[in-house]
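> Okay, here's what each chain looks like letter by letter:
Number of protein chains: 2
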Amino acid sequence: MPVEVLDNELTDQRLNQLTQALGSGMFVHVRSMLHDMAASDVAFILESSPPRTRQVLWQLIDQDHTGEILDELGEELKDNLIKQMSPERVAKAAARMDTDDLAYILRSLPDSVFNQVLQSMTSQDRTRVEQALSYPDDTAGSLMNTDTVTLRPDVNIDVILRYLRIRGELPEATDTLYVVDKQDSFLGGVRISDLLTCDPNASIRDIMASKLEGIPVGMSDSEVAQLFERHDWLSAPVIGDDNRLLGRITIDDVVDVIREDAEHSMMGMAGMDDDADTFGPVIKSTLQRSLWLTINLFAALLAASVSNMFEGTLEQFATIAILMTIVPSMGGVAGNQTLALVIRGIALGQIGQSNSRWLIGKELAIGFLNGVLWSVLVFLAIWFWKDDIALGGLIGGAMLINMTVAGFAGASIPLLLKKMNIDPALAGGMVLTTVTDVIGLFAFLGLATFFLLN
Amino acid sequence: MPVEVLDNELTDQRLNQLTQALGSGMFVHVRSMLHDMAASDVAFILESSPPRTRQVLWQLIDQDHTGEILDELGEELKDNLIKQMSPERVAKAAARMDTDDLAYILRSLPDSVFNQVLQSMTSQDRTRVEQALSYPDDTAGSLMNTDTVTLRPDVNIDVILRYLRIRGELPEATDTLYVVDKQDSFLGGVRISDLLTCDPNASIRDIMASKLEGIPVGMSDSEVAQLFERHDWLSAPVIGDDNRLLGRITIDDVVDVIREDAEHSMMGMAGMDDDADTFGPVIKSTLQRSLWLTINLFAALLAASVSNMFEGTLEQFATIAILMTIVPSMGGVAGNQTLALVIRGIALGQIGQSNSRWLIGKELAIGFLNGVLWSVLVFLAIWFWKDDIALGGLIGGAMLINMTVAGFAGASIPLLLKKMNIDPALAGGMVLTTVTDVIGLFAFLGLATFFLLN
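In order, the protein sequence lines correspond to chains U and P. To convert, count from 1 in the first sequence and add 1202; that's our numbering. To convert, count from 1 in the second sequence and add 1202; that's our numbering.
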């Protein structure tokens, strides 16, 4: 029953089995289990294991499969494992890796190891890799593979069919063959399904899609992903400035970009790196999280220094102190809702010059309406709790101010950060919370001081 | 230069052009611009437009293209537009939609319209749709299309090649043809690229991949997505309990699931629905966000009631009131870092019985270490600011307690919620913040009361 191994609970079971076999020292058994698994499954198990188990598993893995498994791992874990490998082993693994993944790995190596690895390669691999390295990270070039099959436009289909039969197996995930002229200029593409169904006497020119668009090699990987998503592509040709065909991008690499971009927004908003390794070592994780906590400490001290300005009020009215966290809290949540929406819109490329002003206006309006709604509710809640109608009014007024500001800030901060070329997913949350905390405390304590002390 | 239109800035330019043309009432021009665009591009422009522009654009769109455009829209906007359409227009659009998307749309219609739409369909379309509707939403069945091309195992390749040539064009995104026996039981698959390269005298049985795994029709769509990602599939067969081939799932629909799942985590953590429409109307958006704010109001009142327990302390020491927001704030950030990591791990299926205890232990350790680090730093900061060593010690001690709790709670809350079948991405953040606020205030105010008042 091949279907059963698909089930996630069974992946979990397999993990349990492996863990038990490791625990009782049955290394030969574990080795043979790992040998029988697909590279992607081994990678998944490594990702899901604590550091010590990982170390043992990694040593039990077939050297021949190292490359394929590295291909499938997340960046942080991949970097760690490679750092421990000898340059020879990296070079050996390299032979079995896709060009784009290999280029990624080489980029992260120290220079000395990098050169050693390059030298241990065959000259063919070396050329292939050196070319891939010439494209900046996070561009179409870095996602690209060079395993394209190209055709000339004036050849008949049956000649092509004979050629393909002699050539043998096509590269993985080939759905389109590309048509180029003698100078390798990109002319169009022919879907392999069309080769099967069309008249064999037709020429490539007759059946090729000349409207097929080539992706410029310098386009950002997020834009490439948007195009794939919007047009349901399985693969797409990559072309240089001179319209020469350089390679192709396949959907499996694009899926990784989509996943990474989406995770980047989610993890970034919580102050985490999207490469963060769920089962990474404790000390390293602790240090990685420190930066964000440092920034937050300053934000919290800033908020405290706002309260400090109203020490006199707080000395006289303990109730004010008790209630003063409510207004910043509601503003923070309302602002974060807007922020998440706008960050997603930016990531999807939905927000541009033509509509950003409208969007800010809309979020300001929502903030104001929510402010009206919640200032009334909080007014009633506090009046009921503390039996003090003035206090209820004060907190309601502060709430209205803070939630209106939160709507405006939640929409404009990420757009402003983007204009300044600062990543809104990373910085947006902290800047926003600081604004809503400061404004919230200032509004509530300021109103209280004005009305209660005068 | 067909490449240029790929550029996102040019999409933005096109949006500007459309907006201007609309503004100056050049509807005929707009209509012809929309007519020349791909359905996916029109959908993108609708998604990126404010409500009023959307209404006008929607009326200018060719009725013949409605189905394809609806296919490409986000759920909230799609639902809205369909509600405004006449049953006849929905039925007409239906003919041009994929089965899975159509089933989705029908599910969201009121019963009366639903029946009207079904009756306006051809009987062939009706059967196709009724079958798709029988599978629950969010399962493999609901992602599935029935446009499979099937083969028998004992036929020669050249017979198949002749058959395909007569049959004509293959369905979109076909990379594999499926092999079934007389009872439609699933036997395996043949990649179309292999049909091109293998010996025409071989039989299907010789070249078919019999190890190909079929996806059970009831598998959840997130698990389907994980399998596609892990195995780099372009399409996969879907089978029923009796091993009969029911249809196939293609990567373009899976990409939507991956995107939705990732967005769900991000938007959920900020208290937003992942279907939320960035350019939706104000009143509707305001109401959608209210639920989360209501819950937060209770959480904030709970925190305030903790402070209320220490009214005596707050009355005597205004400084305590000034500093009391720092400890909950740091705990909240630290806990949220852990929460984001664990929620992502759950979404990726990385966390199971075998490693969840290890993970909680690791996050507890990180929380404790961070607690030690930050209690020292905060101690120094407060000592320096307020020139009061006892106060520094109090806040440092509370910080250590709260950050340790935050690490433990950030890891265990989502795992606990998952066990209770509550969505951790949605509920996790609010539960966690409540815990870190309450514990943080309790620890700081409690320690202050104990040491300063006694």
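For the record, the hints were derived by calculation from the structure and aren't laboratory data. One or more of the hints may lead you astray.
As the list claims (entries may be wrong) - Taking CB as the label site, the calculated pair distances span:
| id | chain 1 | residue 1 | chain 2 | residue 2 | range |
| --- | --- | --- | --- | --- | --- |
| 1 | P | 1226 | U | 1496 | 32 to 40 Å |
| 2 | P | 1443 | U | 1385 | 28 to 36 Å |
| 3 | U | 1374 | P | 1329 | 43 to 51 Å |
| 4 | P | 1443 | U | 1374 | 29 to 37 Å |
| 5 | P | 1219 | U | 1489 | 27 to 35 Å |
| 6 | P | 1507 | U | 1484 | 53 to 61 Å |
| 7 | P | 1328 | U | 1228 | 52 to 60 Å |
| 8 | U | 1407 | P | 1231 | 30 to 38 Å |
| 9 | P | 1446 | U | 1559 | 49 to 57 Å |
| 10 | P | 1623 | U | 1625 | 56 to 64 Å |
| 11 | U | 1582 | P | 1264 | 46 to 54 Å |
| 12 | P | 1408 | U | 1493 | 53 to 61 Å |
Here a beta-carbon is modelled for each residue, glycine too, at the ideal position from N, C-alpha and C.
> Each hint needs a verdict: does it hold in this structure or not?
Hints versus structure:
1. P/1226 / U/1496: 32 to 40 Å: violated (53 Å)
2. P/1443 / U/1385: 28 to 36 Å: The hinted range 28 to 36 Å is violated for residue 1443 of chain P and residue 1385 of chain U, with Cβ atoms some 57 Å apart.
3. U/1374 / P/1329: 43 to 51 Å: Given range 43 to 51 Å: violated, Cβ gap about 37 Å.
4. P/1443 / U/1374: 29 to 37 Å: Since residue 1443 of chain P and residue 1374 of chain U have Cβ atoms about 32 Å apart, the given range 29 to 37 Å holds.
5. P/1219 / U/1489: 27 to 35 Å: 50 Å Cβ-Cβ, so the 27 to 35 Å window is violated.
6. P/1507 / U/1484: 53 to 61 Å: violated (35 Å)
7. P/1328 / U/1228: 52 to 60 Å: Check passed, 58 Å falls within 52 to 60 Å.
8. U/1407 / P/1231: 30 to 38 Å: Once the Cβ atoms are compared, 35 Å apart, the range 30 to 38 Å for residue 1231 of chain P and residue 1407 of chain U holds.
9. P/1446 / U/1559: 49 to 57 Å: Distance hint for residue 1446 of chain P, residue 1559 of chain U holds at roughly 56 Å.
10. P/1623 / U/1625: 56 to 64 Å: violated (35 Å)
11. U/1582 / P/1264: 46 to 54 Å: holds (52 Å)
12. P/1408 / U/1493: 53 to 61 Å: holds (59 Å)
In summary, the structure is inconsistent with hints 1, 2, 3, 5, 6 and 10 from the numbered list given earlier, while agreeing with the others.
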